[in-house]
Amino acid sequence: MQRLIIRLCVVFFFVSLSSIALAQSQAEAGTDPLPAAVPVPDTVTMVDLGAHACIPCKMMAPILTELEQEYADRAAILFIDVWQHPGQREKFGIKSIPTQIFFDHMGREIYRHVGFYPKKNIVRVLDRLLKTQDGK
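Here the numbering used here is used: the first residue of the sequence shown is -1, the next is one more, and so on.
Don't read these hints as lab results, they were simulated from the structure.
Watch out, some of these pointers could steer you wrong.
[Unchecked claim] Ranges between beta-carbon positions, derived for each pair:
1) 125 x 34: 23 to 33 Å
2) 33 x 1: 49 to 59 Å
3) 105 x 70: 16 to 26 Å
4) 116 x 1: 41 to 51 Å
5) 1 x 108: 47 to 57 Å
6) 0 x 106: 48 to 58 Å
7) 129 x 53: 12 to 22 Å
[Stated by the list, open to error] 25 Å max Cα-Cα, derived PhoX-like pairs, lysine-lysine:
8) 56 x 93
9) 93 x 129
10) 117 x 129
11) 89 x 56
12) 129 x 118
13) 117 x 56
14) 129 x 56
Beta carbons: idealized from backbone N, C-alpha and C, even for Gly.
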């Protein structure tokens, strides 16, 4: 039984290494363009820093798509793959992904969340920032 456990651990180790190598090779391809400016000037901005191959990041993707549509005229919703653009990790001080950073219309970081973030919570932060922008 102990040998079986050791074999399974060795197999898991090598599978993990191959997954990391695949993710790094995808990151080196650098296919996603960076947004022109983060935060977007004069606009409430939410940037999700993650990676296309990260499971919680994949769970965030449909939420970001919905938010892009719902807030199209009011706020900027951005995604940056930090495996493809490693310099962005340092720029934004990313320790874990996904990380969502919210900026007010003046470009000041107002709030940061690490991990999967439900849509209702994102909406709450965005709406609060938009109300502050409008002076309500």
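Here is what the structure says about each hint:
no., hint, verdict
1, 125 x 34: 23 to 33 Å, "holds (25 Å)"
2, 33 x 1: 49 to 59 Å, "holds (52 Å)"
3, 105 x 70: 16 to 26 Å, "holds (20 Å)"
4, 116 x 1: 41 to 51 Å, "holds (44 Å)"
5, 1 x 108: 47 to 57 Å, "holds (54 Å)"
6, 0 x 106: 48 to 58 Å, "holds (56 Å)"
7, 129 x 53: 12 to 22 Å, "violated (33 Å)"
8, 56 x 93, "holds (18 Å)"
9, 93 x 129, "violated (30 Å)"
10, 117 x 129, "holds (18 Å)"
11, 89 x 56, "holds (22 Å)"
12, 129 x 118, "holds (16 Å)"
13, 117 x 56, "holds (14 Å)"
14, 129 x 56, "violated (29 Å)"
In this structure, the hints that do not hold are numbers 7, 9, 14, in rising order.
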